[in-house]
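A.B. asks: Listed below, chain by chain, are the residues.
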Amino acid sequence: MDEYIIKIDNVKFKYDKDEYAVDGVSLNIKDGEFTAIIGHNGSGKSTLAKLINSILLPTEGKVYVKGMDTSDDSKLWDIRQTAGMVFQNPDNQLVATIVEEDIAFGPENQGVAPAEIRKRVDDALNAVGMYEYRKRPPHLLSGGQKQRIAIAGILALNSDCIILDEPTAMLDPSGRREVMETLKKLNDKGKTILLITHYMDEAVRADRVVVMDKGNIKLDGTPKEVFRNVDEIKKYGLDVPQVTELAQELIKEGIKLPPDIIDVKELVDILCQ
Amino acid sequence: MSIRTENIKYIYSEGTPFRTVALEDINITINKGEFVGIIGHTGSGKSTLIQLFNGLELPAEGKIEVDGTTVGEDKKKLKLIRQTVGLVFQYPEYQLFEETVAKDVAFGPMNLNLPQEEIDFRVKEALELVGFNYKKIKDASPFDLSGGQKRRVAIAGILAMKPDYLILDEPTAGLDPSGRNEIFGQIKKLHDKSNVTVVLVSHSMEDIAKFVDRVIVLSKGKVHMQGTPKEIYSQAEELEKIGLGIPQIASIVKELRNRGFNIKPDILTVEEAKDEILKEVRRRHV
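Chains as they are written, first to last, in the numbering used here: chain H, 23 to 295; chain P, 46 to 331.
Treat each hint with caution, since some may be false.
[As the list claims (entries may be wrong)] Have a look at the derived ranges for each label pair, beta carbon to beta carbon: (1) H/Lys36 - P/Leu323: 43 to 53 angstroms; (2) H/Asp113 - P/Gly305: 45 to 55 angstroms; (3) H/Asp253 - P/Lys286: 46 to 56 angstroms; (4) H/Lys206 - P/Glu106: 50 to 60 angstroms.
Treat the hints as calculated values from the structure; they're not laboratory data. All residues carry an ideal CB built from backbone N, CA and C; glycine is no exception.
Let's have the full structure, built from the sequences with the hints guiding it.
C.D. replies: Here is the structure:
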């Protein structure tokens with residue numbers, strides 16, 4: 023088996039305008055990796071996600087999911103099952119009136135046997151910590167809970183890779199924590215996670231951060247490698263965590279600190295030595 | 046002059062098994078000229094509350110007064126109240142529909158039967174208030190703009206109604222950091238320049254800390270606390286208990302103080318934190 027679950031090979035994509043929304047991107051994602059993609063609105067992040075999921079097809083170049091070419095029509099369902107997508111607004115992706123029926127919707131459409139569906143639904147609900155809510159109507163859940171149901175819906179498809187397009191944009195701080203904890207746990211169990219986000223504190227928790235601007239990848243590395251470039255990141259209309267900014271301000275004033283602090287505890291430990 | 050609520054209670058789905066008390070015992074006052082932030086977990090009643098402010102919803106019990114007029118008492122006055130209290134919904138760009146930016150912003154004032162000159166003047170003023178160059182933007186299609194720009198056009202549409210109170214429900218949800226700064230920067234400027242009262246509902250603790258004079262914290266349909274950002278964000282445990290958090294800079298300060306750093310407890314900006322930490326570090330190394 024290929025070590026990369028997603029291979030993006032020199033991909034260009036344009037909507038009907040002249041400009042390329044994705045302009046020559048190559049990116050390989052390892053099986054089991056937790057990657058965050060950040061970039062300003064219109065930088066091409068969401069387009070890239072849709073190219074992986076075969077919602078869009080590249081104008082030039084190729085995208086492979088587990089070795090399958092996304093432009094191969096006959097592989098469409100396998101690709102979408104392998105790389106499942108969760109969108110920003112949970113209200114747009116919940117379809118049934120009862121939580122467990124919503125989660126069963128995907129596997130039912132794949133023709134999975136009823137006993138197996140039951141098992142997958144229960145496993146998925148347990149994985150996101152929502153088993154007790156299985157009989158509830160989704161529209162009466164909180165935003166964070168709904169988003170966890172949406173994630174469970176993807177898990178029930180047995181997807182190896184979960185792509186999330188700003189899943190926490192509509193959530194409060196505790197809803198955001200719930201979703202991030204859930205993603206961390208799933209990643210620990212081997213799921214590949216691709217998280218598109220505008221929140222730098224979420225990106226910091228990934229293994230790898232990819233920064234996009236004008237359809238291109240500008241920075242790619244561990245959170246520490248990426249966020250130390252404070253000025254460059256701000257130039258792309260993004261931000262760095264407040265702790266990184268504070269550390270760099272202190273360095274300018276002559277305090278000896280590493281330039282790549284991204285964690286509150288780390289800064290506090292060094293200052294208190 | 047103020048928006049004042051008295052013992053408000055609001056119930057959803059009354060008479061069904063899903064009956065939910067969304068708001069209870071709400072007694073708050075928003076004074077003219079203030080910049081107030083409302084925070085609370087999802088489902089805490091924030092959006093319901095602001096819809097009561099301009100009579101989109103009416104309370105089951107209690108009353109709301111806008112500049113002395115009780116909302117909903119006289120149906121004929123509702124139109125005036127909605128003009129006085131302008132509400133910008135979540136994702137307001139979905140409400141844009143005209144072929145040009147100027148036409149879209151003009152839609153509200155047109156419905157007020159104002160003379161054309163006054164409408165033109167208001168459209169220009171509103172677009173400039175949200176930071177656009179009127180000449181450059183007026184003929185653009187709203188659908189060719191970026192997310193942050195679309196949202197500013199939608200806000201201009203409300204401003205063209207000349208509200209005394211501008212209420213924004215999560216105006217930056219889904220925007221990138223620069224779009225966020227663009228919107229907040231313009232709102233702040235607007236508040237400083239004109240005497241419009243601003244009420245901001247947000248999930249971003251950092252943004253609330255940076256911009257507002259006073260914070261109202263809702264939890265489970267009740268007012269949990271009220272105070273200045275400094276007062277509110279010094280209560281980290283309390284906020285976490287009700288599903289909220291504190292800005293990252295405040296948690297750095299809290300940790301440092303726990304470890305014996307002699308710095309002020311109520312710091313909310315990177316700049317302030319830097320100055321305080323420098324003072325302490327230099328004191329220690331003398």
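A.B. asks: Evaluate each hint against the coordinates.
C.D. replies: Here's how the hints hold up against the structure:
Restraint check, H/Lys36 to P/Leu323: a C-beta distance of roughly 50 angstroms satisfies the suggested window 43 to 53 angstroms. Between H/Asp113 and P/Gly305 the Cβ separation comes to about 48 angstroms, which falls inside the hinted range of 45 to 55 angstroms. The hinted range of 46 to 56 angstroms is not satisfied by H/Asp253 and P/Lys286, whose Cβ atoms lie roughly 38 angstroms apart. Between H/Lys206 and P/Glu106 the beta carbons are some 44 angstroms apart, a value that contradicts the proposed interval 50 to 60 angstroms.
Hints 3, 4 from the earlier list are contradicted by this structure; the remaining hints agree with it.
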